[in-house]
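Asker: Going down the list, the protein sequences come from chains V and A.
Following the working numbering, the numbering of the first sequence begins with -19 at its first residue and continues without gaps.
Following the working numbering, the numbering of the second sequence begins with 4 at its first residue and continues without gaps.
Don't read these hints as lab results, they were simulated from the structure.
For glycine and all other residues, C-beta sits at the position ideal for the given N, C-alpha and C.
Be careful, since some hints might not be right.
If the Cβ cut is set under 7 Å, some of the chain A residues that face chain V in the computed set are [said to hold, decoys possible]:
#1 Gln6
#2 Ala50
#3 Glu83
#4 His89
#5 Val91
#6 Val94
#7 Gly162
#8 Pro235
#9 Arg243
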Amino acid sequence: MSDRFVSRGFTGKRRQKPEAVERVPPGQYLTDDFPVLSAGPTPRTALYQWTFTIEGAGGESIHWSWQEFLQLPAQSYLVDIHCVTKWTKLDTRWEGVSIDTLLEQIDLDPRAVYVTAFCDGGYTTNMPLPDVLNGRAFVAYRYAGQPLAPEHGGPARLVVPHLYFWKSAKWVRGLRLMEKDKPGFWESLGYNNRGDPWKEQRYWGD
Amino acid sequence: MKQPITWQIAAVKTIQQETPKVKTLTLRLPDWIPHRPGQHYDLRLTAPDGYQAQRSYSIASEPERRGEIDLTIERLEDGEVSTYLHDVIQVGDQIEVRGPIGGYFVWEAKLGGPLLLIAGGSGVVPLMAMLRHRATSGSQVPTRLLYSSRTPEDVIYAGQLARWQALTDGLKIFHTFTRTQPANWAGYARRIDSEMLREVAHPLLPAPFTFVCGPTPLVEAVANGLVQIGVPPERIRTERFGPTGGSG
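Here chain A stands alone, though its shape is the one from the complex (with noise of 0.2 Å):
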């Protein structure tokens, strides 16, 4: 169970445009272990002179692919590896990764459900993993996503998301768009607030497994919602990232 986590060197299989500040790159593992949807992996960039850096960057893929992994990344402006990674590596190129790492905020089918899944912008990452996780497996536990974007332009997976949400396997998507809607929008355009929650999550209650991700403020606001509207905090699991919190 102990085993150290060692640095391994990937190569960089596919790289896909999600949104116009978000990449997938799909990498191939010489090492690769199963993970458990939710947990991260750790990249390492190394200078000509020995300097490096290193961040962490949530797996989007669901561990039944064998030999890869895909990890979705933001850029951030000021980002020192989120920008090498959208302006300079290329299909072919090697990259240092270890994992997979964290135990807490993880769901597996086997664990039941029903599953209820809050993201607020790249956090959607994570639960991407969990969702793709729950469809490859089979599973049908009654599963709500709650997903916050700026714009309908800044939704990740959206075309898989959409093809989801016209199944009938118990998983339902609800999006809220904060700054611009889509023509002839008549669902959620504001910010999540608890009267959201509890329209969302009504079915699932008294006690769904939470998973909420995304910025700061966004989950407290939401954490402290779902208190509010009864969910026990031992079933919130959260996941924040500050403005160079958790990636960058």
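Here chain V stands alone, though its shape is the one from the complex (with noise of 0.2 Å):
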């Protein structure tokens, strides 16, 4: 549609700051709120029963304890977030583990260029794995200074603040590298492979 369609009538009472404007992808508005947006219930797993673990793609792993995971060395994250529902939320305060930090601890296999979030729940995602590198991705504990909430998916939570929050997996359990890309969840319904905000991919073929 180049011819530029105008809705009559329609001025835009909501519009954002100037310094806001450019923190604010396509077809995003801001909110204050945190609201709450999962498939189904909210999981609860007892601390005691938790794992993190990381599975390469040539079949090594390593696993870690809830107590074992609050050992790592954490980071302070100060993160915009994107929902693909429209709405953004800025300067979002978590703390956790860089996913630079736990893909140290382990042998990677090379061949492993894909990525895929599995949870509580039954929840996947996936994404080409340089997407959770560089310092681009965390595994939060806490949300503004507080345990993560379940409903926002604690005891923990995957971040990738880059790409629209349904690939920040909510009560995740672990990271499976692979050599091949395997749409996740909401990816194999209708919602964009990559999901970029700023490119506004929200659904398939966008």
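Relying on the hints, combine the two individually framed chains into one complex.
Answerer: Dropping the structure here:
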């Protein structure tokens, strides 16, 4: 549609302040809430049963218990997040462990170029491995100075702030490194395989 | 299968006031394709200077109705799009939409039953698409709708629900009113809890196809309650909206 359509009588009363505009991707609006979106009930795993696993493409794997995970070097993150349901939230504050830190602990099969996050409740999401490297992604267990609430993915969730927020898998229990890409839960149900909010890659074909 | 979902310009055919805060827009689509009940459309408004706003709205109509869809929209006081749809748009206006979208929160008659639907407020909208599809397709799968509203005036589709209630095709409808109730009301008058869920869902157990839609606290409580009374988590599909989350 190159001739721009105009909605009769629409002026837009919720425009962002100029300093925020460049931080809001196309089609998104700012919210101060933290809406909850999940496809099913909130799973609850006891911390003593919780583990985090990295499965390499060559069968190698490594596990951490909750206590071990908390011992890993943690970092603070201040990031903007963008949900495909159109809301964007600026300056969210998290604490957790960089994926780089986790991957340093294992000798990886270099053929692995994709990653699938897997979760309690059966949720999965996929992305190219570079999307979680070089400080671009982390496993968070604190949000806004508090332990991460179950409805927001606690005890721990993946956070990949530069992609739409369904990639930031709640209740994450591990990462599976793979030679070939495999669409995850929403990626199999009409949502874009990559999900870059700045390219507005919401759905298949975007 | 993986065709792009492209924007198209729909025309507003009719506007119906459902409750003081809720309207249904019937849109005629030049490139209509049948949806699956429970799916939504994205809607985009563009100002003369190019500024745009997008939101998602659930489809209320059944896919058997060709060439058009109903979107039922609650007016949110601070909403940018919902206030436009309530206060500005008129029959004959054009509006950009794309869809249908979403492949998980869907029920089709061929999936069978039993079917358990639980709604809070305007969360009834996608469930209405399922119920209309059920009625139109002649499905008689055992179905129960539990619908939580603040007051009787807030019940969306009250007339249609009452007409269905009078039939004997396997559908039973339960209302709960959390703020004010009709005179001589003998039904539920509280927020949905495990006891209510057990009473409503009991004949459909152990494993009904279950769809829950409404504000986040309600969906969270209902989904937890359903797990408590033994509904398998993988049978429970949820759609939540916050104060500004899923609509606006």
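Asker: Run every hint past the structure and note whether it holds.
Answerer: Verification of the supplied hints:
no. : hint   : verdict
1   : Gln6   : 6 Å, holds
2   : Ala50  : 5 Å, holds
3   : Glu83  : 4 Å, holds
4   : His89  : 12 Å, violated
5   : Val91  : 4 Å, holds
6   : Val94  : 12 Å, violated
7   : Gly162 : 31 Å, violated
8   : Pro235 : 10 Å, violated
9   : Arg243 : 5 Å, holds
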